[in-house]
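Trainee: Now for the letters of each chain:
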Amino acid sequence: MADVDIQTLGERLRVARERAGLKQGELATLVNLDRTAVNRIETGIRKVTALELSDIATALGVRMSSFFEDPTPALVSHRSSQGLDTADSKIDRLLAGIAADVEFVNELAPDELALPGEATQQPRPTSSSEAEDLAATARTMLGVDSAEPLCDLVDRVASVGLLAFSTDLGVDTADAGTILLRQGGVCLMNSHNKVGRRRLALAHELGHYLVADEYTVDWRVADQRGGDLESLLDRFARSVLLPDAGVRASWAQHEPRTLREMAVLLASRFRVDMATLARRLNELGLIDRDDVALVRGTTTTRADIVEFGLYVPSDLEGTSLPVPYQKAVLRAFRDERISRERALELLHNTFAEADLPALRPRREDEIWTFVS
Amino acid sequence: MLKFVAGDRAVVIPASVEYELNRQAHDVPAVLQVLGADWIEVDRSDDLPFLMAFAKYERRLAVGEQNRGECGVLALGRTRGFEAVLDDAVPRAVAKEDGIQVTATLPLLCHAIREGQLAVATVEALADDLLSGDYYLPFAKGGFRQWAYEQGLIEYG
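Chain order of the listed sequences is A and B. Here the first sequence is numbered in the UniProt record's numbering, starting from 1 and rising by one per residue. Here the second sequence is numbered in the UniProt record's numbering, starting from 1 and rising by one per residue.
Chain A with its partners taken away, still in its complex shape (with noise of 0.2 Å):
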């Protein structure tokens, strides 16, 4: 931890306070203290005790340990050009306690977490054919041919350090975002979403992190909003999960059936939305306008995923963590270096504690260090 004298101690408080978007006398009944107190201790007039301190954090949705540790690179550079009052603010405290955690769990377990020491960052796409290249490029680093479908997205992203989290943010907030690490990313989808959304989004956060974009946040994915950089993401993240080579393969394979058909056979294949799968066949000069309305419209029946023995698939559902996060939390606590407490919230308490493995008996000889 980095040293903080008694001043910064207390702007670091007062900036996670009013980001949790609290009044001081706010924030001084959560915690039993007067208004004042907490007044001097954010200018640095009054100390504050380590229980006082543990009880601020807890209200303020932070870790104490956040006070003290230089916080992410790229969460201060987009902290400070976005101000404290942002609309994103909810999954920015979410980015940024994700952030923190794989970074600490980094420190506990590297090997399980395997995040790239050397950046694997791309150049930026100025054009549609720049942005089909970095997705044959993406796939390649992915490990998977220029035809297949990519069906475990989240382990794949994973590989390259990108550690894909979800959860259900609601209806009326972002899809997604990005946060470059000092070692890989960490992204946080909405799993409010519909399954192909939420995986076109991932694909479309691969983007950002393969540019190596510090900080993002994405709303609305593929609706053709935002930026050329945004749009040209869109293509790529379609690119990524609808592979030109593969997309034609199954086309010519399914070409006798009908329209519908063939839409609902590719998108279940690829596991995409419809809307992305239209785009995507449009692009690809395999359908034409007139048609693109005819599969948007199409919806995939319970009749169908019978009839055609269709996989239903279920990345990034609820709260989800990757694999690899899942993993080294679980050495670190076998390893005894966090407590049972700790690993299921660092779990997002998607385990419980029955879930958790056994610890290991004692040794003989640790017997002996016990009573020495």
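Since the hints were made in silico from the structure, they are not lab data.
Computed list of chain A residues with no C-beta within reach of chain B, every gap over 12 Å: (1) P123; (2) A136; (3) R260; (4) S268; (5) L286.
Label pairs and their computed distance ranges (CB to CB): (6) A37(B) with E341(A): 27 to 33 Å; (7) Q33(B) with L359(A): 32 to 38 Å; (8) A352(A) with D129(B): 24 to 30 Å; (9) E18(A) with S132(B): 44 to 50 Å; (10) A119(A) with S132(B): 54 to 60 Å; (11) E341(A) with E155(B): 37 to 43 Å; (12) E341(A) with S132(B): 19 to 25 Å.
Note that CB positions come from ideal geometry on N, CA and C, so glycine has one too.
Got chain A; can you put chain B on it based on the hints?
Mentor: Relative to the frame of chain A, chain B by itself:
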């Protein structure tokens, strides 16, 4: 009994342990005796090195109010050079990692027997009580006496 265990050493608890004891006092009134004991000093350090050490251990162990006692003990061990008394495996491992001198209740109890301050039967009963709770000891219920003899921690008397 705690006083016997401590012997002539100074006993210091951090404010976070005092807080936990205060909370337990509702269910276990005997805890009040500890809080009122004049030979136990409560350390209310609020200097930055202590806060930083506390925060470091808080990140490893604590969730909300849980395990803050251990964080305070470790932070005192780290910043004041005190010997820490810790019984749970994880804070003990963290202490070892940070070079904090650490002991546990059991060796303190054995020491008190050897010094003639506690009877074996008393400690045996206490050990069984501890085993009834969520507590790790290297023997089963009723096994303290045999174990301690075998380990040479207490003498046949």
